[in-house]
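Student: The lines below spell out each chain.
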Amino acid sequence: MTANKFFAKPWAWSFLGALLVWVAAAVVSRGTGAGAIITAALPLAVFTVIVGTGQMFVITLGPGNIDLSLPANIGLASAVAMTVMNSNDSMVAAGIAAAIGCGFSVGIANYLLIWVLRIPPIIATLSASFIIQSIDLDFGRGLQTKPPPGFANFTDMQILGIPLLAVFAIFLTAFAAVVLRRTLYGRTVTAIGQNGRAARFAGLPVGWTRFGTYALCGALGGLDGALLAGYFRGANVDIGSEYLLTSIAVVVIGGTSVAGGRANVPGIWGAALFLVLLTTMLNIFGTSAAIRLLFTGLIIVAVIAVAGGRKATP
Amino acid sequence: MIAPPTAPLRAPAMPRFDLRLVRTMLPGLSLALVLLAIAWLNPRAISYFGFDLMLNLAVPIALATVAQMFVMAGGDLDLSIGPFVGFAGCIAVTWLRDAPLLGIAMLLGCISAYAALGGLIYLRNLPSVAITLGMSFVWQGLAILVLPKPGGSAPDWLQSFMGIKPPFVPFSILAAIVLAAAAHFGLMRTSYGAILRGAGGNPVAVARAGWSLLKVKISLFALAGLFGVLSGLALTGITTSGDANIGNGYTLLAIAGVILGGGEFVGGRVSPIGAVLGAITLALASSPLLTFMHIPPDWQIASNGIILIIVLATRAAVTRKGPLQ
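Listed in order, the protein sequences are those of chains A and R. Residue 50 in this note's numbering sits at position 50 of the first sequence; the count goes up by one each step and never skips. Residue 306 in this note's numbering sits at position 306 of the second sequence; the count goes up by one each step and never skips.
Isolated chain R, as found in the complex (with noise of 0.2 Å):
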């Protein structure tokens, strides 16, 4: 009979130092990759001009992957996230316009519905994919209420920020670069930072400890609806206008960057600056100037997969060497 094939249950622990780095930077790394590959197809492409269009959407998609990457610290899985964006970006281009003031207090309630649910998760042991998935359909339907057909327009404010053109460096790689700074600071570099990562690492060490985990999971929750409300409201800066439907893919989007970055779905294991890089990454990957360097359309989902692929193969490959157990 053939040897069955099988996975490991869990990764042995990292034996060498060389290897953690590789690791480490293999964010990095696969983002550079993917721009090589860019500036090989087409060189015209590395410029001020042309990172302004491929980055286009780079920074919602970054702002729902750090979303997304608070809940995967405490361990959870959020597959709402997408339509929450959608959501908050209708609120933007209706009430925050209309009534401001209406609309900032609509945006605090969203975010503290979200906090409210970590709560629920926490408190009734609930599993986090199964509630999610139901929001997912909650929030999609409160876009649709609040936006019946795509349209609005996003508040001047708005628009003239994310279309701010600095010199030198495109907007949204400095965006990027702030985004990653200060969530890598906040989650990595502060006391109660290591409590949030803790908590999804070793919840029972972290309540032993003295720390209330319910606490934890409320912060977390709240941090992911606070960056999904950014995401809609960058999103909503950038295409002016309003769509219900317009934020679905960011759920996968966002789960995809989180483990590009270097994340795990176990064990509170998430960085902040990965998670930004493998935003950017997929945003590259999936730009409108891959049209102009002779990828067929058709294709271009494709390529996010791949991308995928490659770079999480080799992590594998990478990390876990020696045979199969």
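With the rest of the complex left out, here is chain A (with noise of 0.2 Å):
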């Protein structure tokens, strides 16, 4: 049956709950929101994919791999990105670069720190992030500068009510599927996952596609603060914070496994777009930020209890 199959897919779920919440934020602002709901949410869910995406790619490495340093990481960016185009229109590209190119350093030395230091993923990046906390309280204090407004507006344009940003994601993040789905790379990223020393025993550069996996999940990171400054009108050190724990989030709830060796990417738009629209409905129910906090909680340990554990490999 097709619904079967539908709901068989691990990202069903994720997108069936955006779309539950959606309605029900339409239903209480009697309909006439409705569009404005999502024209204001994806800009939102935009900075949320493209963290969960790298962060995805990271998890899916296995046990133990998890980058803590993507908040640290934004706020960084952020403030790279802000510096180099200056308020001048024509250094946008130029910033942006320098964004990408900042957080891809960020990724290496992580690597850096887990490959040549052998320390555990989690506490690498987790000491990469207070040093780059502290690079970013140094360098972005003060840091007045606002974005070029062609590039700020560049976050705020939209086509038919569909942010820019969106239609830019949604490429961006086709383009993570095919990777994973279709190249050697992604496949190996897959395979370290399901069974690392199995890859490795395959012949398989086990190191090099994680140096990458963690380069990449930085750029990602970088990228994402250079958005996001734009988007808020200036470079912040706690830009990031709340990419943390929704990074995480995010990757979970889309049905990629914890475990590693399986990952979603249309769950993550799904996961991104349902939590942006649950903090949006409870806005317009008029909730506390506690109930908001306490459902997305609850709902997160509902949706894995209810998704199960993992199963025995297919």
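Calculated directly from the structure, the hints in this document are not laboratory data. Because the structure is a prediction, the values reported are computed rather than measured. Among these hints, one or two may not hold up.
As the list claims (entries may be wrong) - Now the in silico label distances, taken between C-beta atoms and shown as ranges:
#  : chain 1 : residue 1 : chain 2 : residue 2 : range
1  : R       : T240      : A       : A198      : 21 to 31 Å
2  : R       : G163      : A       : A94       : 24 to 34 Å
3  : A       : R30       : R       : G119      : 25 to 35 Å
4  : A       : D138      : R       : E264      : 27 to 37 Å
5  : A       : F175      : R       : A99       : 52 to 62 Å
6  : A       : L172      : R       : G163      : 51 to 61 Å
7  : R       : G267      : A       : T183      : 30 to 40 Å
8  : R       : G267      : A       : R30       : 52 to 62 Å
9  : A       : V23       : R       : P148      : 26 to 36 Å
10 : A       : S29       : R       : P148      : 45 to 55 Å
11 : A       : D138      : R       : P148      : 56 to 66 Å
12 : A       : S288      : R       : T240      : 18 to 28 Å
13 : R       : A99       : A       : L112      : 45 to 55 Å
14 : A       : G33       : R       : A99       : 39 to 49 Å
Think of the CB as a built atom: it goes at the ideal place given N, C-alpha and C, for glycine as much as any other residue.
Hints given; two lone chains; assemble the complex.
Tutor: This is the structure in structure tokens:
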């Protein structure tokens, strides 16, 4: 049956959840705001999707792999982007490139700590995030640079009510899905997550693949930092702080296995929309931040508990 | 082509005794090193008053670290201990003060919730990282519900208990010694402690020997909840008021403390004494006294990261000799 097939997909539930929340929000706002809700939610979902995609690649590498440095990385990249752009429209591309480069370097630093010093990824990225945070505090303190007007407008631009950022992110995630499913690199990431030892014995470049994955996640964090600084009209040390838990949450809700080896790109969109729309809906209901957090948490727990644990390898 | 960078999957078995000794001593050595650095930067810090100030927050951090250690002993990870500590603190400054019996019931309820989560994680074979990630939002939400704005006041008995000034040795050091001894005895010297650790190392063997893994998981999480509550109480006893966000940083500090103390993410390998030493090292490294040591405030956060990197890199170098695989 088609319905059964649909719900067998790991990402189906997150989209269903997003749809339910959207309908509930639309009903409360008496239907008038249904389109506006989506338009408002999409850019926020985009920021989550971009870092979520990076985190998904890292988590897919297998148990223990996680990037806790994303918030600090985003914060530093936002400051780098704003400094390079210097409110000058002709420097936008250079600023974005610098932010991506900054994130990329953070990713490389993360993997060097993991590989050269053989520190567990969770502690390596945590230590790195402490140091990056200090660099950002020192570098970004009192940074008042506004984004160039052209760049700020770009982050707000819409085509038929669909933010340009969302269109861009759809292409980005479609590309990520192709990389994951159809390229040697993507297949290697999945293989390492399913059985690192077998992947090594099969002669796969395990080290280089992990290296590339941490660098990729860092680069996506850097890109996110630049976009966030444009959207929120300035860099901020705390601009990425919510993405520590959210980046992991969207990966988990979206049907990617926490144990690694099973990734799901569409699920990240579903989960990100779900979380952002949930916030929007509870805002419309007039509930406090506390209730919002409570609901978010209970839903994550419920989704994980219902989805069940790691099954035996299929 | 350059040789690909590869990390070994598992550390080879410890070949020599002296390396093992170095490894066991490492948490103590790193603490000594940090103390030496502090003494070198500012000799006056090495005094009763100095330690009192520097180790101001060491007790709650150590308690949260021990809580995390129990979860990690079972091969799990708790991403919610920080907000949970904050929530316990919020209960302490509201209900525990105004209606002590209700407050105690609430705190016991918190511990039961933790125990239930352990049971749920075992029964449905769930990833603890994901469940505790969700719970971190729940505890945070509950904390803000109980105490929307920072404030309230810790019960007087709690404030006076945390404010004890014993002769010669600061309270934080005494409390840390008692905590380390109690946790060490319970987990390393009792028979059920061995079962708890064994369940993290080889669950199948423990189950075959007739022990209930469900009870083990529930016990570990209940202990984590208990120490999380104690951490929240200690924290509010020191700060005298509550704040829903005060504990958030403790999640990662606690994981770092356990690892710094010689614990590992897999195999039920943890050390209670090491965990307390690790927590104290981190507390020192992030203490307000660093400001008086010519370390600019911006770079104080980095000091924690650098200490973690140095200690863990040393440990990896000591334990995994030989060429990379």
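Student: All hints, please: hold or fail.
Tutor: Hints, one by one, checked against the model:
Taken as a hint, the range 21 to 31 Å is violated for the pair T240 of chain R and A198 of chain A, whose Cβ atoms sit roughly 56 Å apart. Evaluation of the 24 to 34 Å hint for G163 of chain R and A94 of chain A yields a failure: the beta carbon distance comes to about 56 Å. The hinted range of 25 to 35 Å is not satisfied by R30 of chain A and G119 of chain R, whose Cβ atoms lie roughly 44 Å apart. Our hint of 27 to 37 Å for D138 of chain A and E264 of chain R holds, since their Cβ atoms are close to 34 Å apart.
At about 58 Å, the CB distance of F175 of chain A to A99 of chain R agrees with the hint of 52 to 62 Å. Distance hint for L172 of chain A and G163 of chain R: a CB-CB separation of about 55 Å, consistent with the stated range 51 to 61 Å. As the Cβ distance of G267 of chain R to T183 of chain A is approximately 35 Å, the hint placing it in 30 to 40 Å holds. At about 57 Å, the CB distance of G267 of chain R to R30 of chain A agrees with the hint of 52 to 62 Å.
At about 30 Å, the CB distance of V23 of chain A to P148 of chain R agrees with the hint of 26 to 36 Å. Remark: the range hint 45 to 55 Å for S29 of chain A to P148 of chain R is contradicted by a beta-carbon distance near 26 Å. As the Cβ distance of D138 of chain A to P148 of chain R is approximately 34 Å, the hint placing it in 56 to 66 Å is violated. A beta carbon spacing of about 26 Å between S288 of chain A and T240 of chain R agrees with the range 18 to 28 Å that was offered as a hint.
For the pair A99 of chain R and L112 of chain A, the supplied restraint of 45 to 55 Å holds, since their beta-carbon distance comes to about 54 Å. At about 43 Å, the CB distance of G33 of chain A to A99 of chain R agrees with the hint of 39 to 49 Å.
Checked against the numbered hints listed earlier, the structure breaks hints 1, 2, 3, 10, 11; every other hint is satisfied.
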